[in-house]
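Participant: Each chain, letter by letter, is given below.
Number of protein chains: 2
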Amino acid sequence: MSADNEITPQSQDFSAWYNDVVQHAELADHSPVRGCMVIRPYAYRIWELMRDALDEQFKHTGHENAYFPLFMPQESLDREAEHVEGFSPETAMVTEAGGSELEEPLAVRPTSEAVIWPIVADWIQSYRDLPVKLNQWANVVRWEMRTRPFLRTTEFLWQEGHTAHATAEEAEEEARTMLGVYRDFMEDWMAMPVVTGLKTDAERFAGAERTYACEAMMKDDKALQAGTSHFLGQNFAKAFDVRFQSEEGEHEYVHNTSWGVSTRLIGGLIMSHGDDQGLVLPPKLAPHQVVIVPIWSDAEEKDLVMTVAQRVNRVLSRSVRVHVDDREHVSPGAKFYEWERKGVPLRIEVGPKEVSSQELVTVRRYAPEGRERKRTYGEGKAIAMVPQVLEEIQDDLLQAAEERREERSVRGMEDYDEFRQHIGEKRGFVYSGWCGDGECEEKAREESKGTIRVIPDPEFRSEDAPSTCLVCGDEATEEVLWAQAY
Amino acid sequence: MSADNEITPQSQDFSAWYNDVVQHAELADHSPVRGCMVIRPYAYRIWELMRDALDEQFKHTGHENAYFPLFMPQESLDREAEHVEGFSPETAMVTEAGGSELEEPLAVRPTSEAVIWPIVADWIQSYRDLPVKLNQWANVVRWEMRTRPFLRTTEFLWQEGHTAHATAEEAEEEARTMLGVYRDFMEDWMAMPVVTGLKTDAERFAGAERTYACEAMMKDDKALQAGTSHFLGQNFAKAFDVRFQSEEGEHEYVHNTSWGVSTRLIGGLIMSHGDDQGLVLPPKLAPHQVVIVPIWSDAEEKDLVMTVAQRVNRVLSRSVRVHVDDREHVSPGAKFYEWERKGVPLRIEVGPKEVSSQELVTVRRYAPEGRERKRTYGEGKAIAMVPQVLEEIQDDLLQAAEERREERSVRGMEDYDEFRQHIGEKRGFVYSGWCGDGECEEKAREESKGTIRVIPDPEFRSEDAPSTCLVCGDEATEEVLWAQAY
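Chains A and B, in that order, give the protein sequences.
With positions in the first sequence counted from 1, the corresponding number in the working numbering is that position plus 53.
With positions in the second sequence counted from 1, the corresponding number in the working numbering is that position plus 53.
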């Protein structure tokens, strides 16, 4: 491994570690436009695997994909701002096109509620046209001041679900259902456990009545908001006059939801599992689940070794994503480092020794205590075991992340000064009581490094939640989860 | 069918027919921003099927997907214009963002050569880093004056392949390979036969040394340029300083290609097969390959009929995309019309009569002479035959389009006045000799409604091509294909 590829240890500087992994695992690159990144092929393949898994669930839950314009007239933004208090996206504006100034500037979508609902309003006549359940895979632009690859970029890729329903109950159920789809995806595919719950008024999306979120703990003990699902009530329906005739013949406003996850998930993946050697990928999202590294010292050995490597490749590629790294001019050691840096779950080594003993060396990228990282098996057995080993790695990663999160979570904290110190120095998740007053929330936000991430869903709540507010000491109405957040 | 859904006959006004199909098959909708369209779910599903088929071929031919920024600095456009003669995209410019004016305006990508190569230049050091074979699925923006849904829109979706090679020969081979991938896709998936060939200097992409294209004949006998593949030579490599160290240690410019197809293909699909009843979809690209329409008149009948419909659905959905239209409040007749309008290849009807006779009625959307459109089979046989019937429909559509094109092609035309009249009134494809002089091409372009679409590849050339130029009568150096074009 050349010095060029050295990765700063996590313990030394987590932020530098992150940037090094993004660069040396060839995930992203800078562009000449501030805050806009290039998603390199290796990371884009991860995104494709994420997209396909999510898209299948969206379709399975009755959603259809569509595509709405990148641009919206200034007037749509204005109508939105008029009806939706606090709505002020950091919007990029097109003012010239085809060599001349536009009569009305166009906004580049920061999110598409104000693009979609004025148009879809015309598709909805009666209750029979409901629900409308749309999703869009698209790029959006938000003029952010401080950007980080994947975590916060001026342009990013995402999916945005947008639905309309006849009743508030149905819309609420939709918002909760999609939160569940996100949670399942994050746990089952990303091996990234999340706490789900409701955002406080201060943290919810401006256009929403209720915002639900998935919060994951990164390896630096900070929280990442990984996905949100909004019950929008009739805010956008009123802004854009989206009405339907009910069964009783009344003209009523629809009830909306929207929900999204973005390329930010790749940042979450990096910071959930990565280590000082680089990226660690859960098998379900690994572009190459297995890399075969053939080892030879001369042409004769190469022939022998490549015959075995290709045979193993042929059989394995029926069930897993496998890649044979047969590059010349790169040493086996350099290949090992490179694929470790890129987080490939399982490496198979084939050298002259393995050819003669009809064995294969298998090396896991991640092995918890109690599992051997490196094992040698007979060729047939090694091949047969691969799918099971990949499943084990997937499960091991989720379990390790869950254990880590629980170790780094403190429940029942009641002392405000202790909280300020803990959240500032040790970080992690802190569960406490809260009186429900926005002033207490704001006070803690100003005086500590933490914010309320969510009012957790029942299954995440403490058995013995404190009965008093962490900040003011009055009676608590909710248990809340605090953390430093990205 | 309500008057709202009436479709203008093709013979009466082809352009109105097209717009009616786009609207009544629910393919696209207008947006408040001029020239920007909404791709509705039914058409977006067609696009997804196209994308998946093409993407598999791109990966199979060694390409990787990536994602590059939507915006590029004005300076990149300027550098491009400096090196690439005649390059003047109709570009939209972002001049304000986050509430203040930008120091340097940003261009919204009209195509990404000027975004990609300045960045990828840094990924290339030596010949060992070549070839670089990238593809991107993205939206692009071109400020077009006259727009038509799918055919020409201000924003559209496309894929753009971008590759760099060590030699001109290799880049040329790449450009030809991808032209072949496009042709195979258009014929095998879209059932849309194309003539491939080289564009003349007047018609090639400004940045290219050679532009290859696929030209299809629409049902109004006009040509649609359905895909292009460019051998770019070193034009962009010189503009953006993309160099590599050769095996001999020299620093050399790379040789590039780019190639793209867009949502325009959906327009091509509509105009290749559609008829006065609406859209006709080739089975491989149909969102629903089969629609089952259950027919009942009371609740008891409904139970009986739905039991059979669901059973047929269960078996069929293992191998084909099938949809049961069990909507209440919509008559069977209205359903028939709707799915015909939407081009579903095969309809299966199940009513009380079929339940009692254990039969199914199958109705093809398209049946050429010699095939029965409507047939009744025993349930088991009907189910078993579906995949084969869909293949037949796919083949029938390609054959019909090929026959139509050949009927509407004239070879060996030598009289210029006859040509002008023919291309203006009868349209179709006209093959003629050409002296290779741009002035003759320009003269014909001005005096007739036709343009040279391509210098056809050998397999499309006439056995007895005229030896003289159609326009000036001098010796012909090429045979060329003329048509009115979209």
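The hints are simulated quantities; they were obtained by calculation from the structure and are not laboratory data.
Heads up, a few of these hints could be off.
Which copy is meant is left open, because identical chains are indistinguishable; a pair holds if it fits in one copy or across any two.
[Unchecked claim] No farther apart than 25 angstroms at their CA atoms in a straight line, the calculated lysine-lysine pairs in the DSS-like style are these:
| id | residue 1 | residue 2 |
| --- | --- | --- |
| 1 | LYS502 | LYS434 |
| 2 | LYS388 | LYS186 |
| 3 | LYS112 | LYS337 |
| 4 | LYS112 | LYS406 |
| 5 | LYS337 | LYS427 |
| 6 | LYS337 | LYS291 |
| 7 | LYS388 | LYS112 |
Participant: Against this structure, judge whether each hint is valid.
Facilitator: Hint check:
1. LYS502 <-> LYS434: neither (52 angstroms within a copy, 70 angstroms between copies)
2. LYS388 <-> LYS186: between (46 angstroms within a copy, 21 angstroms between copies)
3. LYS112 <-> LYS337: both (20 angstroms within a copy, 19 angstroms between copies)
4. LYS112 <-> LYS406: Classified as neither: same-chain Cα gap 49 angstroms, cross-chain 34 angstroms, threshold 25 angstroms.
5. LYS337 <-> LYS427: within (21 angstroms within a copy, 46 angstroms between copies)
6. LYS337 <-> LYS291: neither (42 angstroms within a copy, 42 angstroms between copies)
7. LYS388 <-> LYS112: between (39 angstroms within a copy, 23 angstroms between copies)
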